[in-house]
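Student: Numbers 2 to 501, taken from the numbering used here, label the letters of the sequence shown in order.
Hints in this document: simulated from the structure, not taken from any laboratory. The beta-carbon is built from N, C-alpha and C at its ideal position, and this holds for glycine as well. Mixed in with the good hints, there may be bad ones.
Stated by the list, open to error - Between beta-carbon pairs, the in silico distance windows are:
1. P419 <-> E178: 36 to 46 angstroms
2. G429 <-> Q453: 17 to 27 angstroms
3. A409 <-> L270: 16 to 26 angstroms
4. Q370 <-> G60: 54 to 64 angstroms
5. L355 <-> A377: 52 to 62 angstroms
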Amino acid sequence: MSTLLEYSSFKSPIANCLVLGACLAAVAYRLAHRRTLLVDIPGPPSPSWVTGHFKNLFGFDAIPFYEHLVSNYGPTVKIKAPFGADTIWTIDPAAMHSVLVKDRVNFDRSKGGVLLLRAVMGPGLIALRGEEHRIHRKILNPVFVMKYLRELVRAIDMHMPVFMNVAERACDAIEKEIGNEDTSNDVDIFPWMTAAALELVGEAGLGYSFESFERKRNKYSVAARDIIQYFIKVAPFGVLLPFIPNIGTPSFRYWLVQYIPIPGVRQLLEARDIQNSQAEEILRARQELLASGHDLRSEAGRGRDILTLLMKANETEGSENRISHEEMIGHMNIFIFAGHETTSTAMSRMLSILASSKRIQDKLREEVQKYFTEHADDTHHDALLELPYLDAVIRETLRLYAPVTRLARVSQTDTVIPLKYPINTPNGKLTSIPVKRGTHIMMNVTMANRYQEIWGEQANEFIPERWIGNKLEEVTGPGAHLPGVYSSMMTFGGGPAACM
2 MSTLLEYSSF
12 KSPIANCLVL
22 GACLAAVAYR
32 LAHRRTLLVD
42 IPGPPSPSWV
52 TGHFKNLFGF
62 DAIPFYEHLV
72 SNYGPTVKIK
82 APFGADTIWT
92 IDPAAMHSVL
102 VKDRVNFDRS
112 KGGVLLLRAV
122 MGPGLIALRG
132 EEHRIHRKIL
142 NPVFVMKYLR
152 ELVRAIDMHM
162 PVFMNVAERA
172 CDAIEKEIGN
182 EDTSNDVDIF
192 PWMTAAALEL
202 VGEAGLGYSF
212 ESFERKRNKY
222 SVAARDIIQY
232 FIKVAPFGVL
242 LPFIPNIGTP
252 SFRYWLVQYI
262 PIPGVRQLLE
272 ARDIQNSQAE
282 EILRARQELL
292 ASGHDLRSEA
302 GRGRDILTLL
312 MKANETEGSE
322 NRISHEEMIG
332 HMNIFIFAGH
342 ETTSTAMSRM
352 LSILASSKRI
362 QDKLREEVQK
372 YFTEHADDTH
382 HDALLELPYL
392 DAVIRETLRL
402 YAPVTRLARV
412 SQTDTVIPLK
422 YPINTPNGKL
432 TSIPVKRGTH
442 IMMNVTMANR
452 YQEIWGEQAN
462 EFIPERWIGN
472 KLEEVTGPGA
482 HLPGVYSSMM
492 TFGGGPAACM
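Required output: the full structure, derived from the provided sequences and hints.
Tutor: So, in C-alpha cells, the structure goes:
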C-alpha cells in the first residue's frame, strides 16, 4: 500500500479519494473487531455505530440522559463509544478510586484523545501521558502550591490585589451596560465573565493583559470558543488518530488531515493557529523583558506570574528537566484555555443561581458587606476564608455544575475494577468488573456529584448550607466519599492527574 500512497499523494485527486476511502475502510474494519466487555453489563441500545452514545453524552440534553442511565440501569452502565466500542460508564466511588488513585498505573488517557489534544493545544500537561506527564507535573507543581498563590494575590501598587483589580473592572463594565435605574438594560453576563476570566489568567498566569474590557473583539477568546465548538464535533473521531501515523508518507498524512471528511477539522486547525500565534507573542514579549533586565513590577502580574516563574526556573534546571519552547507554548495554551473557559462558565452559572434565588443572594450580600465594612483594607487571600457562606455557594455551584463533565481512561493491562454498588445481571450480582487491556472507562462528574446514595435525597437541590458547620463525612453518605481532590466531589478530578 505504501507504493500506492506515494503515487497518489497530490498527483491525482481521484487516486487520493480512493486511497482515503481504502484507509478509512481498513481502520473501520479494525475498529469493528475490537474486544467487547468480558461480562454483560446492562445499558441502553446504541443509536449509531459511528457516533455511539456520544451525542447523548455531550448534547444539550446530556443531563437528562445521565439521569436516565442512573435511574434505569444504575451507577455503572455499558454504553457505546464511536465505532461500536463497549465503554464502562460509572459514578461508583470504588471504581473511580481504583482507576484514578489506587490502581492508577493500570489506567491512562486514550492515545487518540491525547493525540487530538496535542494536535490542537501542543505538548502541554493534559496532552501528555505516563512518565512524560509525571515529569512535567513535577516541574509545574511548585507554582501551584498555596504559598505561591498567596503571594500572587498580594498588593498591586500596595493597594489592590490582582484578582480584586480585575473584579472591579468587570463590575464597572457591567454597571455601564446596565445603565441607571431609569434606563436599566438586560445584560448577557457570560461575555463579561469570559473577559474577566481571560484577564485573570493573563495577568496572574502570564504577566500579560489581553485588554479584555476594552470592548474590542478579542481574537484569542473567539478562537478558544471555536476550539470548544469544533473539538466536540471532531472528538468522536479521535479514535482514528492512532492509525494515521502508520499511513503512507508525511505529505500524504498532511493531506489526509487537511481533507479528511470530518466536520470541523479545518476550523479547529484555524482556531489552533490563532491560539499558537497569541501564545508565541506573549512568550516572545516576556523573553525580551527578562533579557533586558526590565523591572517587571510595572508589568501585568508584577513579575510574580506563573509564566515568568517557570521561565526563571527553566534557566536553573538540568537539561533533563528543562521545558522546551514547544512544550512551553503547549503549557501556555492549555493553561489559558482551561483556566479562562472553565472559570467563566462557573462564575456565570453562580451569578445565574444568585439571580434566581433572592434568599441566597441576600444572605451572601449581607456576609460580604459585613466583612468588608469591618475590614475595609483586608483583601488578601486568607480574607476569603472568613467568608463561609461565599465558600459554601462556590462549593455548591461547582458540585452541581462542574465545567468538565467527564473523566476518561483506558485500561493498560488486564485488571479488575472493584465496585461499591454491585451490578444486577441475569447471572447474578457483580461486585467487580474484570476488564481486558484497551477497555474504555468513562467516569461522569456531573452525576457523581448528584448521586442520591452519596449526597442524600436533596442531591439535586442547590443548598449551600450543607457545607457550613459540617464535617465532610456529614455532607456525603457514610463510606461513600468520592476520590476527588476538592471537597469529596469529582469536579477537579482525583489522583495525581487531577486539576492543578
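Student: Would you mind marking each hint as holding or not holding in the structure?
Tutor: Quick rundown of the hints versus the structure:
1. Checked against the hint of 36 to 46 angstroms, the pair P419 and E178 fails, with Cβ atoms roughly 53 angstroms apart.
2. Checked against the given bound of 17 to 27 angstroms, the beta carbons of G429 and Q453, roughly 25 angstroms apart, stay inside it.
3. Look at A409 against L270: about 23 angstroms separates their beta carbons, and that is inside 16 to 26 angstroms.
4. Taking 54 to 64 angstroms as the suggested C-beta distance range, the pair Q370 and G60 does not conform, at roughly 41 angstroms.
5. Taking 52 to 62 angstroms as the suggested C-beta distance range, the pair L355 and A377 does not conform, at roughly 24 angstroms.
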